[in-house]
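Since the structure of chain E is provided, determine the placement of chain Z on it from the hints.
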Amino acid sequence: MEYFIELFFSGLTRGSIYALIALGYTMVYGIIGLINFAHGEIYMIGAFTAYVIATVLGIYGFPVLAIIVLAGLAAAIWSSAYGYTIEKVAYKPIRHAPRLSPLISAIGMSIFLQNYVLLAQTSDFLAFPELIPDFEFMEPIAHIVGTTDMVIIVSTIVIMLLLTLFIKKSRTGKAMRATAQDRTMAKLIGINVDQVISVTFIIGSALAALGGLLIASHIGQINFYIGFIAGIKAFTAAVLGGIGSIPGAVLGGFILGLTESFATGYVSSDYEDVFAFSLLVLILIFKPSGLLGKAEVQKV
Amino acid sequence: MSLILDVKKLSMRFGGIHALTDVDLQISSGEIVALIGPNGAGKTTFFNCVTGIYKPTSGDVLLNTPKTKNIRLNGLKPNQVTIKGMARTFQNIRLFQSMSVLENVMIGRHCRTKSFIFGAAFRTKFTREEEQQTIEKSYAILQKIGLEVSANELASNLSYGEQRRLEIARALATEPALLLLDEPAAGMNPQETQDLEALILRLQQEGQAILLIEHDMKLVMNLSHRIYVLDYGTLIATGTPQEIRNNPTVIKAYLGEGADA
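Chains E and Z, in that order, give the protein sequences.
My numbering puts the first residue of the first sequence at 1, with every later residue one more than the last.
My numbering puts the first residue of the second sequence at 1001, with every later residue one more than the last.
Don't read these hints as lab results, they were simulated from the structure.
Check the hints yourself; a few may be wrong.
[To be verified] Straight-line C-alpha distance at most 27 angstroms; calculated DSSO-like pairs for lysine-lysine:
| hint | chain 1 | residue 1 | chain 2 | residue 2 |
| --- | --- | --- | --- | --- |
| 1 | Z | K1252 | Z | K1077 |
| 2 | E | K169 | E | K294 |
| 3 | E | K168 | Z | K1008 |
| 4 | Z | K1077 | E | K92 |
| 5 | E | K92 | Z | K1055 |
With the rest of the complex left out, here is chain E (with noise of 0.2 angstroms):
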């Protein structure tokens, strides 16, 4: 039973981190319904960045929390600075083209991004440190749940509480929806849609950017290469929700972390991918639109 829980809460850690990346992906295809295969390369600049301010202030002698939250804002701030940069420069220019260039675009900022850092970082795994201390109050429970994973279960459930209320409530929020719903009447009733779009870019990024921090600080490594695969797993994670749904997405998260845990914990780890990807293709068989999408209907 033991097993099972300590199990569970790694899923959810995982799963915590893809639901992050996922947002992006989900919230972007809501409005433009375009799939941003760059957003794992924000993610993984998200964690480049976290790196270089936490080791500098480090040096310094900084008290732990500060590194965290100056990391952290700083990783934020810059990957939005290059989720704003992507669209402005990558999509905008052919948002009328047929749905199929933006998509090469992007992948092609994708490979272009992880290159740009693989030339002006590294190609060798960096050790990241260690930022988030253990807690006295966790040892009793420690062999099962870290204090990392519950840092970063925690810190996503309220972020995710805090995006949800500012959609619900906002007066962005509510551009948000209604250029998801109906970009032209959007613009008629007066909202600026080139805004709206680069402040989803924003917001999506700077979720992205939190997760790398987050899970870099878990894990304890980073590499230039860390944002593809983040990137697939939380791509299926936002499909398998229903993409374009926002609680779906946090739902996909969650469910691919679990079944990703369960399978290395009782079968073996080799066949994560294969369980994670069965998954997605089973929810695809018998629910296309995904757990919590709408079926898509064609606008006339």
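This is chain Z only, laid out in the frame that chain E set:
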């Protein structure tokens, strides 16, 4: 009475097709003007040119509001046109179906409010007050339009006639100097059309200038002060309802050549 909309020699071509040729149209404050014409005459194209969905090939669209004089609208994006003071509805219903009725009106207030992402994050006093104002104003508009009882319903749950009225409410929320209605009575039953007629008249009495595209001739004749008639993209007649009713060119355009036989 001052001029609100002044359209001068507006032309729109799609390749070789002349959708609109040298259309002139004026609307004064407090006036209801109708734009009529057979199917495919270019009425909706005219709306699309004026509201910034299409960029007209040539000609001028000038808007006068209490705040600004003679702004050229052609070449502006739709959201900028709306900010300048023009709002429209569509032939087919284009509500934000999965939002509540109140939210649909609130989204219309978007361009008249300012708070942004940081305000939302920190819940500043300004943001909170602005949100409160948005809700109050939106609710007041719903009352005016008679939909306040369904404020928290989903827009898709309203009846057809109510959805059309909600579209007007949403357009009103942007505080337009001029309201463009594209076939507001399309698909309505007689009762709903009557309600609509009363609503449009009430808005006009409150000083709202309205440009109307409509096929329901009874509605057009009852409401409009002046009528413009389009056929094949050119204006063939303008005048009061009485003049238009008896204009032989208009009758020919609607009924064809053999009608006078």
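Hints, verified against the model:
Pair hint Z/K1252 plus Z/K1077 does not hold up; C-alpha atoms about 37 angstroms apart against a cutoff of 27 angstroms. Our distance criterion of 27 angstroms between C-alpha atoms is met by E/K169 and E/K294, whose separation comes to about 22 angstroms. About 43 angstroms separates the Cα atoms of E/K168 and Z/K1008, which puts this hinted pair outside 27 angstroms; it is violated. Proposed proximity of Z/K1077 and E/K92 is supported: the alpha carbons are some 16 angstroms apart, at most 27 angstroms.
For the suggested pair E/K92 and Z/K1055, the alpha carbons sit about 20 angstroms apart, so the restraint of at most 27 angstroms is met.
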